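S.K.: Single-letter residue listing:
There are 2 protein chains.
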Amino acid sequence: MRGWRSIGAALILAGVCLGAGAALAQEVADRRPGVPPRPLPDGPVVLDSAEYGQIRVVALTRRLERPWSLAFLPDGSMLVTERPGRLRRITGGSLDPAPIAGTPAVHAEGIAGLMDVALHPDFAANGLVYLTYSKPRPAGPTVALARGRLAGGALDGLEDLLVLDPPGSGASRIGFGPDGMLYMTVGGAFESSPENALRAQDPNDLLGKVLRLRDDGTPPGDNPFVGLPEHRPEVYSLGHRNHQGLAFRPGSGELWVSEHAPQGGDEVNVIAAGRNYGWPVVSYSRQYSGQRMTEAPWRPGMELPAVLWVPSIAPSGLAFYDGERFPDWKGNLFAGSLRFGGLPRTGHLERIVLNEAGDELRREWLLAELRQRIRDVRQGPDGLLYVLTDADDGALLRIEPVAGDVAGSGGG
Amino acid sequence: MRGWRSIGAALILAGVCLGAGAALAQEVADRRPGVPPRPLPDGPVVLDSAEYGQIRVVALTRRLERPWSLAFLPDGSMLVTERPGRLRRITGGSLDPAPIAGTPAVHAEGIAGLMDVALHPDFAANGLVYLTYSKPRPAGPTVALARGRLAGGALDGLEDLLVLDPPGSGASRIGFGPDGMLYMTVGGAFESSPENALRAQDPNDLLGKVLRLRDDGTPPGDNPFVGLPEHRPEVYSLGHRNHQGLAFRPGSGELWVSEHAPQGGDEVNVIAAGRNYGWPVVSYSRQYSGQRMTEAPWRPGMELPAVLWVPSIAPSGLAFYDGERFPDWKGNLFAGSLRFGGLPRTGHLERIVLNEAGDELRREWLLAELRQRIRDVRQGPDGLLYVLTDADDGALLRIEPVAGDVAGSGGG
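Protein chains in written order, with the working numbering: chain A, 1 to 412; chain B, 1 to 412.
Where hints are given, some of them may not hold.
No copy labels: a pair is met if it fits in one copy or bridges any two.
What the hints assert, rightly or not - For lysine to any residue, the following SDA-like pairs were computed, each having C-alpha atoms within a straight-line distance of at most 20 Å:
(1) K330 to S289
(2) K330 to G290
(3) K330 to D359
(4) K330 to E356
(5) K330 to I352
These aren't lab readings, by the way, just hints derived from the structure by calculation.
Note that the structure is predicted; figures quoted are calculated from it, not measured.
Sequences and hints are given; from them, build the entire structure.
M.R.: Okay, structure coming up:
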């Protein structure tokens, strides 16, 4: 009997109630009265920052439908995914009216749809674009990774590199690491049933894992579980619930990944080969009914999060800042937040100050006054920060220093 | 050898660095650039609440110097402590110019001074008022509990009921429980030295404890450690760092106590007789240098917090709401916040929604827009909420529903 099965049995015997009604409870929770998101102001907004003085927030476009992720192209333009299934291009701050052709058909419902976009490290030479999405199939949708070649406003030769089976319906982020490998998160180990949550502990299942792949989607030979029976060779780390953000830390090259807990206990983990991040065996979180998700928040052998949120902020995209336009923010981690505290209200952009070892020192909330749901955050090649808001009329925001061009690095 | 000593030795051997320079690090941290508190607006302010629509905040007075706590008198007036050592009376919303005479001399420096004030359950008959304060002594200041009789604008016959020895310099809250006993928190088990922090684990030392006392300051015979060698009979629970708030939950009568961790890991605990709340053996917090305070955030046998904050909000006073003016807030826990996230900025009033069992469901930030440090929060006899801001020109704020008198309970 495999280890995770006995853990699972112990969990169930211990009466850890992995609430079958959790999804329903969440639905009910979302119908509570709340403070709705505010319309964005028309012009630029100037806001205070504790360690930068003032920042200016400019909306470059407000016509993106549920934008999910973005990627900067070598020519200074950018690609943006829209969850309903479109890939858009923004050139010189202006949204091209026609979506890029050749993208996959997606299952767009709830949190599912077109998700992440990433460029091949040699994109300038080979034009390869990677997408994660929820793939419609007769047997039901599942998470997939696809690749195509961007040429003349279309993706050519799109092909699936990986299709999750058994299927799953969580979020998926991708990014190429300093080692040239493609890291892919496969979330969706929700507590809708104990069996589904426990898939995160099964090394023979890709759900609830971080995967490490070659650029063609196949597992490299130096992955931690290669050659072990009943272990998928793509698996790099296990014990995740639903990842939402992914970034590599400048300098160390470490992979940092954010994930959602049900209620309290959202995390950012520093991902190491073969490690177990605990879900659903240990968690700081609570079910939507208030009951603790697990009896113990931690046990030896499980990794501690680098960043923990109690209460939840529903973290989304992650980015490390290493530009010149905000010198006081160098080395800081930025995390988008969809909503705070379990209330059906809005989120913010969280700035997390780390020491050289990557330990947390302090945090600041930015953009909270705008009352938006923040879906992603990235540093642009111009050293400014770019933020996507999650709405039917979603915006691409740019954050600039008010003091002007501090380091003369150009851009904009 | 006593248990806590071997735990302590293990801790030290395990290399858990209880940073000797933590106090200094905090001082340095407080000199970082930040967003300063804002002056309060002149008139009432209307703010949004996720579950009440709008609330109105009215400043009744702005002339309190570092107010710390308040108590409502049967005649509708209230007593407010000022940390520099004055006890003030507010009648009909107006501050009496002369402080109440007969209060103790206090050691007022940094966080020390006059702290909590509580009335005897039979105050209407006996006029007894209880105070906690930092008592100046030739050998150095220490926390003390005093009692006097309020008569004609003065405290008569003030006497110390308990003086902490060995001395300590943390915060101290008091409150009479449904059992008629006086519960007193004695904080100050800071990590300035491992020895000082470990006092919280020593049942023969009152520092870092919750005490349970008769109304004359003596321990009742049914306290959990009465009769045990090397256990102080006043001790009710152990393993606390620095408590800042105290409230009894309506219905259950449970004692809920908030406490500060160094950085991340602030807690509210539900206090049960004889239990160990873990400090400094287990903690979710980090040192000001970023290093984790302990290797494990929890171990079996230590109590889990009912409410956890990561990042820190520096929680202060606590109150349960059970009035009629905010029907949607019934049963909610309110916690003041002095500052958020480790930054030298301001706090808010946190509303925590609990289910009937007392499990957390969700949270909301109130008053954050005012950019104040919140020191205490109480429900008035009129069903409105009263809040003290921590400033040299501290204010007493009243929170009212905008919709008017919802339940016709009068007041104001």
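S.K.: Decide, hint by hint, whether the structure agrees.
M.R.: Status of each hint after checking the structure:
1. For the identical chains of this complex, K330 and S289 are inter-copy neighbours only, at 17 Å across copies versus 40 Å inside a copy, given an alpha-carbon limit of 20 Å.
2. Proximity of K330 to G290 under the C-alpha cut-off of 20 Å is restricted to the inter-copy arrangement: shortest distance 17 Å between copies versus 38 Å within a copy.
3. In this assembly of identical chains, the alpha carbons of K330 and D359 lie at most 20 Å apart only when taken from the same copy (14 Å versus 39 Å across copies).
4. Taking the closest pair of Cα atoms, K330 and E356 come within 20 Å of each other only inside a single copy of the chain (11 Å); across copies the shortest separation is 46 Å, beyond that limit.
5. With identical chains, the CA atoms of K330 and I352 are at most 20 Å apart within one copy only, with a shortest distance of 11 Å there and 35 Å across copies.
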